[in-house]
Amino acid sequence: GAVVSQHPSRVICKSGTSVKIECRSLDFQATTMFWYRQFPKQSLMLMATSNEGSKATYEQGVEKDKFLINHASLTLSTLTVTSAHPEDSSFYICSAQAGGSYNEQFFGPGTRLTVL
Amino acid sequence: DQQVKQNSPSLSVQEGRISILNCDYTNSMFDYFLWYKKYPAEGPTFLISISSIKDKNEDGRFTVFLNKSAKHLSLHIVPSQPGDSAVYFCAARAGGATNKLIFGTGTLLAVQP
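So the sequences go chain by chain: Z and S.
Counting from 1, one number per residue, gives the positions in the first sequence under the working numbering.
Counting from 117, one number per residue, gives the positions in the second sequence under the working numbering.
What the hints contain is simulated information worked out from the structure, not anything from laboratory work.
What you are looking at is a predicted structure, and each value in this text was computed from that prediction instead of being measured.
Check each hint, because a few of them may be wrong.
[What the hints assert, rightly or not] In the DMTMM-like style, the derived pairs of lysine to aspartate or glutamate whose C-alpha atoms are separated by at most 25 Å in a straight line are:
1) Lys-41/Z with Glu-174/S
2) Lys-216/S with Glu-52/Z
3) Lys-216/S with Asp-27/Z
4) Lys-14/Z with Glu-52/Z
[To be verified] One-sided excerpt, in silico: chain S residues whose CB lies under 7 Å from chain Z:
5) Pro-160
6) Asn-215
7) Thr-221
[As the list claims (entries may be wrong)] Here chain S is said to cover these stretches of chain Z; the calculated rule only asks that three of the stretch's residues, wherever they fall, bring their Cβ under 8 Å from a Cβ of chain S:
8) 79 to 90
9) 103 to 112
Backbone N, C-alpha and C define an ideal beta-carbon position, used for all residues, glycine too.
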């Protein structure tokens, strides 16, 4: 299957700082990328959907000014957690999809964010 | 409101026996269902899927059954192997123009040698 990478795999930061997480599709062009968050022993919760070259669509309850998403190219989307707080500590996972809306999503390995 | 539920947080099965993982959903507009396998600190990997117009899909040791009237699907793994030990998530596609997936809470499968 297609490969999706995330960087960094793990990040620890101080409260109040901003953290950027990258999601790359390595061997295909991703017209759509999705960002999920998973708290311990819970489900993956969709945060936002981003299409290349347009603004992201955020799920209800997700602050778009806090979780900035940029999908500037067909192989890269970034999630920036601004002014991070301890409650933002979580496992962030992206997925990438090529072509039409019924194509398979390929998931990245995730990024563990710990905010002190 | 959890639209996709996996009521068993864990399941332990002997190697060689059948593993049955269950999933219930509430939204009749879901048009596609998927099962993913996930190891800790990794992203989910796709296992098998089923369209809402089918009631069964089989791929090797994995079979997914869909009962639309009961809004229930199940994943059967037979024979179970120790390497199958992982968290299994069912997911439902919301349909329409997007490919949004709504995940269940997961079931931790432990296959005992």
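Each hint, compared with the structure:
1. Lys-41/Z with Glu-174/S: violated (29 Å)
2. Lys-216/S with Glu-52/Z: holds (16 Å)
3. Lys-216/S with Asp-27/Z: holds (22 Å)
4. Lys-14/Z with Glu-52/Z: Measuring from Cα to Cα gives roughly 31 Å; hence the hint is violated.
5. Pro-160: holds (5 Å)
6. Asn-215: With Cβ-Cβ at 5 Å, under 7 Å, it holds.
7. Thr-221: holds (5 Å)
8. 79 to 90: Per the Cβ count (0), the hint is violated.
9. 103 to 112: As far as the region 103 to 112 of chain Z goes, the hint holds, because 9 residues have Cβ atoms under 8 Å from chain S.
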